[in-house]
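Chain A is fixed; fit chains B, C and D onto it per the hints.
The listed protein sequences derive, respectively, from chains A, B, C and D.
Residue 216 in this note's numbering is what sits at position 71 of the first sequence, and the numbering runs on without skipping anything.
Residue 442 in this note's numbering is what sits at position 297 of the second sequence, and the numbering runs on without skipping anything.
Residue 459 in this note's numbering is what sits at position 314 of the third sequence, and the numbering runs on without skipping anything.
Residue 233 in this note's numbering is what sits at position 88 of the fourth sequence, and the numbering runs on without skipping anything.
Fair warning: there could be bad hints in the mix.
If chains are identical, the list can't say which one is meant, so a pair holds when it fits in one copy or spans any two.
Simulated crosslink set (DSS-like; lysine-lysine; CA at most 27 Å straight-line) [as the list claims (entries may be wrong)]:
1) Lys-223 <-> Lys-422
2) Lys-167 <-> Lys-348
3) Lys-405 <-> Lys-167
4) Lys-223 <-> Lys-167
5) Lys-341 <-> Lys-192
6) Lys-260 <-> Lys-341
7) Lys-422 <-> Lys-212
8) Lys-195 <-> Lys-422
9) Lys-212 <-> Lys-195
10) Lys-192 <-> Lys-422
11) Lys-406 <-> Lys-466
12) Lys-223 <-> Lys-234
Hints are computed from structural coordinates only; laboratory data are not their basis.
Here the structure is a predicted model, which is why all the values come from computation and not from measurement.
4 protein chains.
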Amino acid sequence: MIIIMSSGVGDEQIDGVVRKLKEFGLDSNVSRGVERTVIGAIGDETKIDKELLQALPGVEDVIRVMKPYKIVARSYHKEDTVIDIGGVKLGGNQVQIIAGPCSVETQPQMDEAAKYVAEAGCRMMRGGAFKPRTSPYSFQGTGVEGLEMFRTAAEKYHMPIVTELMDVRMLDTFLDHDVDVIQIGTRNMQNFDLLKEVGRTHKPVILKRGMSATISEWLMAAEYIAAGGNHNIIFCERGVRSFETYYRNMLDVTAIPVLKKETHLPVIVDPSHAGGKAWMVPQLSRAAIAAGADGLLVEMHPTPCDAWCDADQALGPQELKELMVSLRLIAQAIGRDL
Amino acid sequence: MIIIMSSGVGDEQIDGVVRKLKEFGLDSNVSRGVERTVIGAIGDETKIDKELLQALPGVEDVIRVMKPYKIVARSYHKEDTVIDIGGVKLGGNQVQIIAGPCSVETQPQMDEAAKYVAEAGCRMMRGGAFKPRTSPYSFQGTGVEGLEMFRTAAEKYHMPIVTELMDVRMLDTFLDHDVDVIQIGTRNMQNFDLLKEVGRTHKPVILKRGMSATISEWLMAAEYIAAGGNHNIIFCERGVRSFETYYRNMLDVTAIPVLKKETHLPVIVDPSHAGGKAWMVPQLSRAAIAAGADGLLVEMHPTPCDAWCDADQALGPQELKELMVSLRLIAQAIGRDL
Amino acid sequence: MIIIMSSGVGDEQIDGVVRKLKEFGLDSNVSRGVERTVIGAIGDETKIDKELLQALPGVEDVIRVMKPYKIVARSYHKEDTVIDIGGVKLGGNQVQIIAGPCSVETQPQMDEAAKYVAEAGCRMMRGGAFKPRTSPYSFQGTGVEGLEMFRTAAEKYHMPIVTELMDVRMLDTFLDHDVDVIQIGTRNMQNFDLLKEVGRTHKPVILKRGMSATISEWLMAAEYIAAGGNHNIIFCERGVRSFETYYRNMLDVTAIPVLKKETHLPVIVDPSHAGGKAWMVPQLSRAAIAAGADGLLVEMHPTPCDAWCDADQALGPQELKELMVSLRLIAQAIGRDL
Amino acid sequence: MIIIMSSGVGDEQIDGVVRKLKEFGLDSNVSRGVERTVIGAIGDETKIDKELLQALPGVEDVIRVMKPYKIVARSYHKEDTVIDIGGVKLGGNQVQIIAGPCSVETQPQMDEAAKYVAEAGCRMMRGGAFKPRTSPYSFQGTGVEGLEMFRTAAEKYHMPIVTELMDVRMLDTFLDHDVDVIQIGTRNMQNFDLLKEVGRTHKPVILKRGMSATISEWLMAAEYIAAGGNHNIIFCERGVRSFETYYRNMLDVTAIPVLKKETHLPVIVDPSHAGGKAWMVPQLSRAAIAAGADGLLVEMHPTPCDAWCDADQALGPQELKELMVSLRLIAQAIGRDL
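Just chain A, with the same shape it has in the complex (with noise of 0.2 Å):
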């Protein structure tokens, strides 16, 4: 940790904190420049608050060296982790496209989207049965019974299910259904006590990023889970608020290559999410495919048109198959396979 001084200050202000970092077990190097004081906090800076430091008299900032993650830092584990999920291998040289509709709504509905999803050659299957909605007058899922019919329809298909927890309360059914990848939804990112429990299962994870979240905040909700013991987290990027109005959400497909670099874990995209248009959803999958994503979450539904929720972002059948055609070549023209 580094303490820069406001200019001018005496030497009683640079003993308080000499003093403080003592206090918290550490050592100080003081360092009189011809503009500022600089001190440098030598010893383990966890052990300390910023801004407890910031707090004292005549400190003009406190500049963390160490970063706050640990178990999922790139550091903590030099090869890339590849997940197991029912014997599909996520963060490996294969690439995933994770396929299925916004919400889980009958059977039928389900069945078809999983004879579709299955025949495009995607390996896993994505929908929601409990939807966190905007507004409490949407349709807010088909909740459990929704849960069956998923999994009644990727079983089929041998597909492994991904759907995302909202209530912390349903975690136990979550895994008497034996949902096979849990996700965690933008607005739950720091639902700190969902992502302590999660934590305690070995469920893989999805953990979406915050609609404003930055990279580091979003490593350490990552570290929440990791810190419980389950190291199976997965990151997805699926686009940031911003000013333009033109599409609802600006895929920050810097994040991935940032990702790959911080972290050891699997990094995966979602298109859909982040245009809110179907018409985008192929060029956005290629540029996440083409900076380095492991895989992609893509809303795809039997008939678009009559989708209960997200429709004009949905795939149909038909697109999502040509969309596998191409971002296959994508992946091959970066020594990849799909």
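What follows is chains B, C and D alone, placed relative to chain A:
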């Protein structure tokens, strides 16, 4: 709802929209302009999802003409709602300053804090027993024991207490300890299950704005609480995420007049979390009251340099006293008292 | 300047940084911590570009400890700078409200506007003769003729005039017409050639904040003017771009105390362009003065509904009069007059 | 144009809107819904300002149904526009990588740079002679002399040159030196006088996106150039300002498909200024091409560690070579060549 068609669409696509509207019980008013055809949906537009129409062929854009919020809307209740919190009125002519430490630490700290808060002339007290922290390795709050210390300290001065609820499973404990005002934090603004549960109680709820929530999303989050039957909702602006790095969050002072226009519910401001620095708190507090806020949530610690969290943003006891004097003058300048 | 090395770097990389610093005349203080090596550069850090060091092998981050701005910095001139504009003092104890129409339209419109501005008690007038419009097909201003109409109208009430300069080639015309205050608009905040040219004059300059300029970039833009010899600079906060769509821009009220701390120059606020709606202007104006602004730029049109541009954000004459009454009370509440 | 009235307005207010529309030559279609009255304006909506209507009593919102851009719109010219730059085609099937140093430093530096750019297989070269720098105390470019060094270096390899114009007074010098492509930088995207002047030439213009410009504002800035008669416009996405601090700007990859839909003009991407770090350039470059960009502006310096500006974002010669190989594979995967 207004449906704007792409230029050059044919009758088939226009009919498709009209048919879909009819399916949901809505009539249509088709207006064929020089450049574009525009379809007005006549009837209750909440019956149909905007996205469903957007997914239809030939539709360029869909615009809602009704506000999505109902109970919280000013049109639902023309007069300002005044909430009674143990005899203290929030939302009326008197401005309320709710002060106290970021986190409950020890009984002596809380006793001292309560004394200073009351002495400064505040009528309510704040303090966090459960803390949402970015890092799993940071201090997470004193928990239930903290609630008790807080209650004991505030009771002596007959001050109602405000404290944050993060986990839906703790709600009963909050009710058992008779917490006067439940605070829903920034990270939980769209934790819909939590909102639904506090909506079933009759406790006043302070709903902080999400990190980058639009005012409309914020109103809809409040609608989740209101829809459950609890109309005792207080909005708290606490700054939003921005590109500026000089301070922690950008206080959205414009949100104050906007909320006063859109909703009948009280609006308060948290200048401490907004700026993130104690030295900015007086100016931001004055701006908030001058812009029409009904109150403030201010951090005060008996000895800020020893605070266990957010030490750099807490006022000291003397600073709080001086702030109250200056805020009283601002309140009087706009015809209110404090 | 502090150079933070990546973890695990060797002596060769550390020596590379030390050598590069020496090349630019700076000494080094190498501190080898448990986790990382940190190098402090001792000497005048403005001699070397941060990016140059960041490009060296093994460098993780480079942090400046000196502020990049000099003449505009508070440390350069401890007292508040008070600018004399034709006898009207800006930056002192008296708050100045500069009012007038968005654009100069006709002589009668300007004559009437001037009358109302003076009657309301304002001492300076604003009006645009050259208008930066998003569309090339929108009204672009009345130009030089507009300058003359403006001058004629304001002279009668001895009010100095404020008007925007967009094109460096028009500077001589502005000087010929003896414009009292040159306004540099949001879109030109980093038009460095324009800044350099107004820096060579002695005319007071209102420098509006760029659409999403950081406070530091804004101060550096002012430094361009100051470096040319013109220290008569007035900062004008006018809202920044954000994700919120309810209003036009997000007024950054926090920028006021921040600027008052960082610079000795006056700070004013434009509540009309910030909110973009006349009905918000009173609340935003009060917030700005309460937060410490030295003045305001407010749009007033004799008949807002007929304004040639930005009609929805202009106050009417009576509204301006009432605003002045209310702002006088706020100014007095913080010990200033108006 | 659609005018949405506030709920509960009377006939007088509706008539006011209809009258105002008639004044500007537009007819009205009044639709009285259950909740609100909506007025459709029939005729050429560009004749009237949205703000003028918004200022009328009883008007809640005004929505345009026509795109404000004309010449640059895809509807104006269905086919992709291919721009011929000294024989090199931009906007067609072949992807163009334009490489070179951030700034022109010396003749040997430029000679070497040109050699490496040509050797890597690029057909155009970039380099800045006039540099927009945040600080007035930073290196401001080698100016006219730089233009000459650049021309000399590039000529040997028959590469057209791209360089930035900041000051309208330098346009003649640019034309005298026969600069092949004029670049308008981020900070000048809405320097309307500069846009008008380059609009009077026939030189191809690269128009970089403003720091936080919406896509619509960007298209309108291009419309300023096009309205002057110059249709040789190339959009360059270079990242926008965001809350994320890990990298310099957030590359808006979604802008690529959006622009390809809205305009017939070529779209390129500057991955170097977007990320601000050389190590991110390959991934961002691949993403851009995969998303459909027609080319890239990439920074390459013969010896990045000695660059006079932005040293940390320049690729070295070998890195450029490798990037070209990898981009060729991506281009082929989507059916283009490079």
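Hint by hint, here is what the structure shows:
1. In this homomeric assembly, Lys-223 and Lys-422 come within 27 Å of each other (Cα to Cα) only across copies, at 22 Å, whereas the closest approach inside a single copy is 37 Å.
2. Proximity of Lys-167 and Lys-348 under a CA criterion of 27 Å is satisfied in neither setting, with 42 Å inside one chain copy and 45 Å between copies.
3. Proximity of Lys-405 to Lys-167 under the C-alpha cut-off of 27 Å is found in neither arrangement, the shortest distances being 37 Å within a copy and 35 Å between copies.
4. Taking CA atoms no more than 27 Å apart as the test, Lys-223 paired with Lys-167 passes in neither setting, with 34 Å inside one copy and 35 Å between copies.
5. With identical chains, the CA atoms of Lys-341 and Lys-192 are at most 27 Å apart within one copy only, with a shortest distance of 22 Å there and 38 Å across copies.
6. Taking CA atoms no more than 27 Å apart as the test, Lys-260 paired with Lys-341 passes in neither setting, with 35 Å inside one copy and 36 Å between copies.
7. Taking the shortest Cα distances, Lys-422 and Lys-212 sit within 27 Å of each other only across copies (19 Å), while inside one copy they are farther apart (37 Å).
8. When the C-alpha separation of Lys-195 and Lys-422 is checked against a cutoff of 27 Å, the pair qualifies only between copies, where the shortest distance is 13 Å, while the shortest distance within a copy is 42 Å.
9. Taking the closest pair of Cα atoms, Lys-212 and Lys-195 come within 27 Å of each other both inside a single copy (13 Å) and across two copies (21 Å).
10. Proximity of Lys-192 to Lys-422 under the C-alpha cut-off of 27 Å is restricted to the inter-copy arrangement: shortest distance 22 Å between copies versus 46 Å within a copy.
11. In this homomeric assembly, Lys-406 and Lys-466 come within 27 Å of each other (Cα to Cα) only across copies, at 23 Å, whereas the closest approach inside a single copy is 32 Å.
12. With identical chains, the CA atoms of Lys-223 and Lys-234 are at most 27 Å apart within one copy only, with a shortest distance of 18 Å there and 44 Å across copies.
Hint violations for this structure: numbers 2, 3, 4, 6, all remaining hints satisfied.
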